[in-house]
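Chemist: Residues per chain are reported as follows:
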Amino acid sequence: MTSVVQLDRVSVKYGRQAALRDVSAVFPAGAVGLLGPNGAGKSTMLKSLLGFVTPDTGRMEVLGLDVKQSPLEIRARLGYMPESDAHIPGMNAVSFVAYCGELAGLPKADAMQRAHEVLYYVGLGEARYRNLETYSTGMKQRIKLAQALVHDPDLLFLDEPTNGMDPRGRDEMLELVRDISKNKGINLILSSHLLPDVEYTCDYVVVLDKGALAAQGPIASLKGHAGRVFELRVKGDKAPFVAALGAAGIECPAPDDEVMRLFVPEDTTSAVLFQLAAAHGLQVRHLRASVPSLEDVFANAVSGAR
Amino acid sequence: MPIHDQGYRHYSGRRGLRGGAWWVIARATILSEIRQRRVIALLLLAWAPFLVRAVVIYAAANFQQASSILATTPQTFREFLDWQNVFVFFVTILIGAPLIADDRRANALQIYLAKPLTRVEYIVGKLAVLFAFLAFVTWLPAILLVVLQVLFAGSLEFLRENLFILPAITLFSLLQIFVSAFAMLALSSLSPSRRFVAMMYAGIIFFTAAMNNALFRITGSRSWAWISPNDTLDVLADAMFRLTTPRVIPVPLAVGAIVALIAASMLVLERRVRGVEVVS
Chain X
1 MTSVVQLDRV
11 SVKYGRQAAL
21 RDVSAVFPAG
31 AVGLLGPNGA
41 GKSTMLKSLL
51 GFVTPDTGRM
61 EVLGLDVKQS
71 PLEIRARLGY
81 MPESDAHIPG
91 MNAVSFVAYC
101 GELAGLPKAD
111 AMQRAHEVLY
121 YVGLGEARYR
131 NLETYSTGMK
141 QRIKLAQALV
151 HDPDLLFLDE
161 PTNGMDPRGR
171 DEMLELVRDI
181 SKNKGINLIL
191 SSHLLPDVEY
201 TCDYVVVLDK
211 GALAAQGPIA
221 SLKGHAGRVF
231 ELRVKGDKAP
241 FVAALGAAGI
251 ECPAPDDEVM
261 RLFVPEDTTS
271 AVLFQLAAAH
281 GLQVRHLRAS
291 VPSLEDVFAN
301 AVSGAR
Chain E
1001 MPIHDQGYRH
1011 YSGRRGLRGG
1021 AWWVIARATI
1031 LSEIRQRRVI
1041 ALLLLAWAPF
1051 LVRAVVIYAA
1061 ANFQQASSIL
1071 ATTPQTFREF
1081 LDWQNVFVFF
1091 VTILIGAPLI
1101 ADDRRANALQ
1111 IYLAKPLTRV
1121 EYIVGKLAVL
1131 FAFLAFVTWL
1141 PAILLVVLQV
1151 LFAGSLEFLR
1161 ENLFILPAIT
1171 LFSLLQIFVS
1181 AFAMLALSSL
1191 SPSRRFVAMM
1201 YAGIIFFTAA
1211 MNNALFRITG
1221 SRSWAWISPN
1231 DTLDVLADAM
1241 FRLTTPRVIP
1251 VPLAVGAIVA
1261 LIAASMLVLE
1271 RRVRGVEVVS
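Protein sequences, first through last, are from chains X and E. Under my numbering, the first residue of the first sequence carries the number 1, and numbering increases by one thereafter. Under my numbering, the first residue of the second sequence carries the number 1001, and numbering increases by one thereafter.
Source of the hints: derived by calculation from the structure; they are not laboratory data. Positions of the beta carbon are idealized from the N, C-alpha and C atoms, including for glycine. Careful: at least some of the hints might be erroneous.
Stated by the list, open to error - Covered, in the sense of this in silico footprint (three residues per stretch, anywhere, with C-beta under 8 Å from a C-beta of chain X), are these stretches of chain E:
hint	stretch
1	1024 to 1034
2	1138 to 1150
Stated by the list, open to error - To list a few chain X residues with every Cβ distance to chain E over 12 Å, as calculated:
hint	residue
3	S48
4	V53
5	A86
6	R170
7	H286
Stated by the list, open to error - Here are some of the chain E residues that sit facing chain X, going by a computed Cβ distance under 7 Å:
hint	residue
8	G1007
9	Y1011
10	R1014
11	R1015
12	G1019
13	A1021
14	P1074
15	Q1075
16	I1111
17	K1115
18	P1116
19	A1239
20	P1250
21	L1253
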């Protein structure tokens, strides 16, 4: 497996607050999802890889280059789409993207030509002469993608690329992301807390929780290892029942949900659930076998990390 | 099949050498500034004293009666640069205040610093913008006045007698430019509001001058001049132009104050120009 990014025991602290704790992870070539709830350390990881934040301990490699020793060489081959609104004030889209191309080392004429091409590609061809400050949220997301792509990077960091977009814009953005990785051969790391976005665009996932690595691996195999999943709705006092489930090796990451998702070991049958419910005086109102999803992987990983 | 593919294509062209990003930043910002009418108006206005001085130099060189009272001396150029300080102030505020503040407002720093350029290149690019405009209203007209003096007088006698004049003009202009540019950039990095930055800069210039005057009235001593950048620059200008006016503070102290101001500005820039803002 060729890796594009490697982290070896990386820790980052903001003052006393640990943002990343001893994280070792490998991001293979292709599209990798960086998953985690808000505050898990996803953006900190990307900013550390960009050289914005210096880790307290550990070593990082991007595209085979050490982040500490070769930050400029790395950034020349990397495109970054930040999470927050970001643009150069007073510019229209084409001059902004061309300017970013020049900053990345492209000659002026080439940068301008690339800017036009990339703006068409991200769907802003018709709006390329408009001032950026008049752009809608969805258009701002696209322009951020365009500036990250203009110098034809080998690796893209996309930080919450669908933030604030309407459903149609979101679908179009995800199509673009998928096309970039599947058809254009550009590696990407998609940081998101939206599981469907990652599931649609990525093959591999790294899950962070509270600054620590919670899980990593191909999505298909992580789903496979989730065991069997059941949806269960019961009537009655759930607390002792949930405790009994835990004692029987059955995980229930969200016991307060109306319909609980239960992760049952491979050798355990649904009969065990009925027996436990009966033993605790609960009525089973709904029980259905379900398919493991990335959401389950995520929930398992996050609850496991806690 | 489309005649022209509007999809994404890989780039196989040339990529520039590292270290040139400061020039990209400076060029784009200068071009954007000179498209603004108010900037053009201010720059034209800043050349009005040059025209007045040029007429005076012409009169002194060509009319016997005028030459006795309007004779060109090193003090002529010292006074010219002193007068240009007004325009240095306005140019610094108009062009300098938004340089980093606007980037902070638009979160542009993370865009810049995610490209293959260092923080030093970014700051040098922004400094170069102020340097170009401030040199345009200080060094360039002052040097042209010297050229005019030589042309109108028809001899190099003035230059021969005052060999220090060109280095003095250059050195003092550079001092004016660097002090204003570094101080303004440091302030611009502190806030996302260009108006607030402009007010801070004006406040510092006026407040330090007022403090100096107040301390003079209270203590009867001018030795507090080092707290005001403009008064400190005056001391250095007098020394560079070899004027015999008494120095209110020793030259080494004035140099120390200027160096300290520039060093403090660099420290602020080092802390504030980052791809990520860490709030403790």
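Chemist: If a hint holds in the structure, say so; if it doesn't, say that too.
Modeler: Against the structure, the hints:
A count of 4 residues in the stretch 1024 to 1034 of chain E with a Cβ less than 8 Å from any Cβ of chain X is obtained; the coverage claim is therefore met, three being the minimum. With a threshold of 8 Å between beta carbons, the proposed coverage of the stretch 1138 to 1150 of chain E by chain X is violated, since 0 of its residues qualify and at least three are required. A Cβ of chain E approaches the Cβ of S48 of chain X within 12 Å, the least distance being about 9 Å, so the stated non-interface status is violated. Against the 12 Å criterion, V53 of chain X falls within the reach of chain E, whose nearest CB is about 6 Å from its own CB.
At roughly 4 Å, the least C-beta separation between A86 of chain X and chain E is not larger than 12 Å, which violates its mark as non-interface. For R170 of chain X, the requirement that its beta carbon stay farther than 12 Å from each beta carbon of chain E is met, with the minimum near 20 Å. Every Cβ of chain E is farther than 12 Å from the Cβ of H286 of chain X; the closest lies at roughly 46 Å, confirming the non-interface assignment. This hint holds: G1007 of chain E has a C-beta 6 Å from the nearest C-beta of chain X, less than the 7 Å allowed.
For Y1011 of chain E, the shortest C-beta to C-beta distance to chain X is roughly 4 Å, which falls under 7 Å, so the interface hint holds. Here the hint on R1014 of chain E is kept, as its CB sits about 6 Å from the closest CB of chain X, short of 7 Å. A hinted interface residue such as R1015 of chain E counts as satisfied when its beta carbon comes closer than 7 Å to some beta carbon of chain X; here the least separation is about 4 Å, so the hint holds. For G1019 of chain E, the shortest C-beta to C-beta distance to chain X is roughly 9 Å, which exceeds 7 Å, and the interface hint is violated.
With its C-beta approaching chain X no nearer than about 5 Å, A1021 of chain E sits inside the 7 Å limit, and its interface hint holds. This hint is violated: P1074 of chain E has a C-beta 42 Å from the nearest C-beta of chain X, more than the 7 Å allowed. Checking Q1075 of chain E against chain X: minimum C-beta separation of about 42 Å lies over 7 Å; hint violated. Of the supplied interface hints, the one on I1111 of chain E holds, with its beta-carbon coming within about 5 Å of a beta-carbon of chain X, less than 7 Å.
Annotation: K1115 of chain E was flagged as interfacial toward chain X, and the flag holds, the nearest CB pair being 4 Å apart, inside 7 Å. Interface restraint check: P1116 of chain E against chain X, minimum CB-CB distance 4 Å, threshold 7 Å, status holds. With a cut of 7 Å, the hint placing A1239 of chain E at the interface with chain X is violated, because the nearest CB-to-CB distance is about 41 Å. With a least beta-carbon distance of about 42 Å to chain X, the hint placing P1250 of chain E at the interface is violated under the 7 Å criterion.
About 38 Å separates the beta-carbon of L1253 of chain E from the nearest beta-carbon of chain X, more than 7 Å, and the hint is not met.
In this structure, the hints that do not hold are numbers 2, 3, 4, 5, 12, 14, 15, 19, 20 and 21, in rising order.
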